[in-house]
Amino acid sequence: MAQQSTASYLKMTVLVKKVLALIDEFEAAASEGFMREAATPVLLGGVSLTDKVNSAIDKGRARLVELTETTKLQQEAIDELSKGKDELNTLRDLSSAIGLAQTRDEIVQLLINMIREKILPIGGAALYQGSEDLGFTLSETWETTPEDLAEIDRQKTSGFLQWAMKSPVPISMPSEGRYPTAVYVPMRVGNQTLGILLLLSSRAVDEFTQSDHDRMTLLCSQAAIALENARLVTQILQMKQYNESILLSLTSGLLAVDLDGRVTTLNPAGLTILNYQAGDILGMKVSDLPPLAEFARLLTEAVTSSMDRRNVEIQIDRGERNKQVLGVSVSPVLAEGDRVIGAMGIFVDLTAIKVLEQQVRRNDRLAVVGQLAAGAAHEIRNPLSAIRGNIQLLNRKLQKLAEPDALLVKTKSIIEEVDRINRIVAGMMDMSKEGSLQLVRTPVGKFLRDVGYIVEGNFKEAQVGLDFVLDETLPEVEVDLHEMKQVFLNLYQNALQAMKANGKLTVTSERIKEEDGREMIQVKVADTGCGIDQKHLEKVFAPFFTTKTDGTGLGLSIVHRIVQEHKGDITVESEIGKGTTFIVRLPQAPPAAGATV
Amino acid sequence: MAKKILVVEDEAKLREIYKETLSEEGYEVLLVDNGRKALTVVRGMAVDLIITDIKMPEMHGVEFVTALREAGFNMPVIMCSAYEQMKNDFGVVSAGISDFLTKPVDIDELVTKVNAILGSAA
Chain A
1 MAQQSTASYL KMTVLVKKVL ALIDEFEAAA SEGFMREAAT PVLLGGVSLT
51 DKVNSAIDKG RARLVELTET TKLQQEAIDE LSKGKDELNT LRDLSSAIGL
101 AQTRDEIVQL LINMIREKIL PIGGAALYQG SEDLGFTLSE TWETTPEDLA
151 EIDRQKTSGF LQWAMKSPVP ISMPSEGRYP TAVYVPMRVG NQTLGILLLL
201 SSRAVDEFTQ SDHDRMTLLC SQAAIALENA RLVTQILQMK QYNESILLSL
251 TSGLLAVDLD GRVTTLNPAG LTILNYQAGD ILGMKVSDLP PLAEFARLLT
301 EAVTSSMDRR NVEIQIDRGE RNKQVLGVSV SPVLAEGDRV IGAMGIFVDL
351 TAIKVLEQQV RRNDRLAVVG QLAAGAAHEI RNPLSAIRGN IQLLNRKLQK
401 LAEPDALLVK TKSIIEEVDR INRIVAGMMD MSKEGSLQLV RTPVGKFLRD
451 VGYIVEGNFK EAQVGLDFVL DETLPEVEVD LHEMKQVFLN LYQNALQAMK
501 ANGKLTVTSE RIKEEDGREM IQVKVADTGC GIDQKHLEKV FAPFFTTKTD
551 GTGLGLSIVH RIVQEHKGDI TVESEIGKGT TFIVRLPQAP PAAGATV
Chain B
1 MAKKILVVED EAKLREIYKE TLSEEGYEVL LVDNGRKALT VVRGMAVDLI
51 ITDIKMPEMH GVEFVTALRE AGFNMPVIMC SAYEQMKNDF GVVSAGISDF
101 LTKPVDIDEL VTKVNAILGS AA
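So the protein sequences, as listed, match chains A and B. The numbers in this note's numbering rise by one with no breaks, and the one at position 524 of the first sequence is 524. The numbers in this note's numbering rise by one with no breaks, and the one at position 114 of the second sequence is 114.
In case anyone wonders, no lab produced these hints; they're calculated from the structure. No experiment lies behind these values; they were computed from the predicted model shown. Heads up, some of the hints might be wrong.
Now the in silico label distances, taken between C-beta atoms and shown as ranges [as the list claims (entries may be wrong)]:
1. B:T112 <-> A:P590: 30 to 36 Å
2. A:L407 <-> B:F100: 30 to 36 Å
3. B:E109 <-> A:K397: 16 to 22 Å
4. A:Q564 <-> B:F100: 27 to 33 Å
5. B:F100 <-> A:A352: 44 to 50 Å
6. A:K400 <-> B:E109: 16 to 22 Å
7. A:A352 <-> B:A67: 38 to 44 Å
8. B:G72 <-> A:D569: 50 to 56 Å
9. B:G72 <-> A:R518: 51 to 57 Å
10. A:L481 <-> B:G72: 34 to 40 Å
11. B:A67 <-> A:E456: 44 to 50 Å
12. B:F100 <-> A:L481: 16 to 22 Å
13. A:E456 <-> B:T112: 27 to 33 Å
Glycine is no exception: its CB is placed at the ideal position from the N, C-alpha and C atoms.
Only chain A is shown next, with the shape it has when bound in the complex (with noise of 0.2 Å):
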């Protein structure tokens, strides 16, 4: 259109310069006429011919200039709509190019472009940074020379720096360098200054037009509002990254549903600590996979309840030998205007400090109960000793007589009965023993095989098999002999007691590795008896506990002092009716003096 209206225009203009000439020449052609007329005036209606063509031609001449004054004026106006489309064009493009622009030195740079394409000739440029409060500082120039620098330093005492943050247009200064001209264009979002971006261009102040101004400022604020996006995006990202890197590096789980109770998010130590493979479980609905049921359970309810919950113990179950005890604390997850979106859980694998626990209760428990058994049972040894001279020095006496027979039944029980405190009193004392150990090294497939001959016969007896399946490459043990022997004893007897015709025992030995790193024996004891109930499962190891007439209730008590003071440990699993399978962990022996490395 503007091309166009130009072409028009300039023909219309050869036009006018073509009729212009035509009438030079006519007027030329008439004075030449109207001198000769001059000695003889005609006249027309009382007018000279001559007057009436020279009023024609200025007439025509008057006609021309106007009708050139006015596509003058059109093309002025078609200029001025151009421009405002050239201005439409240069902002689309800044537009679409910041589009693509992500960094602020890219936007920065494109807008200098523009600027220096499209509105006035710029040399160096530099942008100062920071907000209203705090002030603003130099963080970045362009193209500039050390001269520049010099005025660009000047420039910042100058004031303008200051007026230019609060002003909504640009600012055009005389400057001192080589340039004439520093423009201070403020980079407003809303009634935000972003930052002010100081041009310096070789126009001179008072040749700056409105329409500059006006375009600059058009310019600058389509950049600033991709400066501040490009700060979001950024911020935005890093806080992303930032949050992804929190949930990487949680040593706690933490687990994240929506309100289906659909998994969200779990994060690796959460999958390490539940067992889930993280395709398994994203996506999932908690409740639908059964061990996390106590889990759905409390999820459920921070989403109902919009409370939190601390420290929660709750189990995950997959069945008799696979529990887990888990710390969990969970809230509901809310967005904006406190709105429920879903809940969260954090939680601790508490299964291995439980059994610690366990442990330690167990161990105090011990302690404290084999002190004062060791002071009573050695006290009731003397009485006993009388008791148990008087009835056999009675005994004698009886078998004298002529039918002794009756008496001596009683006196036997009697005798019995002594021997039955003494064993207590015996396994009181073994209990609490501290005695120092004797330590022996020795190969453990030997060791338990040895231990296996003494009760070869009672298991034969009994029609029950004694079954070994030992790693014979396994490291050595050391072991106090005497007091290792105790303990395979009481867990083959045990066992052995456990058990109908037909049952079998299997001890084996393999090599593992504790938690913590030690390398240690471990002799599973499995037996094929009547098995123990969950509910006494964890009072095996005290001291009377027993659910067998006869017993002490002492055995596996000294079992399980023995084991500790070789630094091992000895835990028990067991199913009624399947079986109950003691597994003893010893360390190695450390490597013998002289061996070879």
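For this one, chain A is given, so just place chain B on it according to the hints.
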């Protein structure tokens, strides 16, 4: 002449049982209730065997046996205690000990051990 056995034991009832049991076997039995008195007895007469408790007032069994050996007496000694681990715990004197008895004492075992050491009462 009957062989002499000195019993060192602070429990009166036990002393009586030792005396009755061993007398019936034909031994002459002397009774004291601590190590100090036992040393006095040994210095005054020839004793063929000593049976001593460990835990006693005045002078306990281990002190007594140590003093006995230091004084040059080398008759056999049977030690008797409620501590089953005595052999390990009192290893320091075990070289000079002929045998051990664990309380509560089985008198049949006592007789067997005494006879084994002394051969016979006569």
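Original post:
Within 30 to 36 Å or not, the Cβ separation of A:L407 and B:F100?
Top reply: holds (32 Å)
Original post:
Between B:E109 and A:K397, is the Cβ distance one that fits in 16 to 22 Å?
Top reply: Given range 16 to 22 Å: holds, Cβ gap about 19 Å.
Original post:
Using the C-beta atoms of A:L481 and B:G72, is the stated range 34 to 40 Å upheld?
Top reply: Taking Cβ atoms as reference, A:L481 and B:G72 lie about 38 Å apart, which means the hint holds.
Original post:
Measuring from beta carbon to beta carbon, are B:G72 and A:R518 in 51 to 57 Å?
Top reply: Cβ of B:G72 to Cβ of A:R518: about 54 Å, so the range 51 to 57 Å holds.
**OP:** Could you see if the CB distance from A:Q564 to B:F100 stays within 27 to 33 Å?
**Re:** holds (28 Å)
Original post:
Measuring from beta carbon to beta carbon, are B:F100 and A:L481 in 16 to 22 Å?
Top reply: Holds, at about 20 Å.
**OP:** Please test the hint of 50 to 56 Å on the beta carbon pair from B:G72 and A:D569.
**Re:** Taking Cβ atoms as reference, B:G72 and A:D569 lie about 52 Å apart, which means the hint holds.
**OP:** Could you say whether the range 30 to 36 Å given as a hint is met by the Cβ separation of B:T112 and A:P590?
**Re:** This hint is violated: roughly 44 Å between Cβ atoms.
Original post:
Do A:E456 and B:T112 keep their Cβ atoms within the hinted range of 27 to 33 Å?
Top reply: holds (29 Å)
Original post:
Falls inside 44 to 50 Å, the C-beta gap from B:A67 to A:E456?
Top reply: holds (48 Å)
Subject >> Outcome for the supplied range 38 to 44 Å, where the beta carbon pair is A:A352 and B:A67 >> reply: violated (56 Å)
Subject >> Range hint 44 to 50 Å (beta carbons of B:F100 and A:A352) holds or violated >> reply: holds (46 Å)
Consistency with the previously given hints fails for numbers 1, 7, ordered from lowest to highest.
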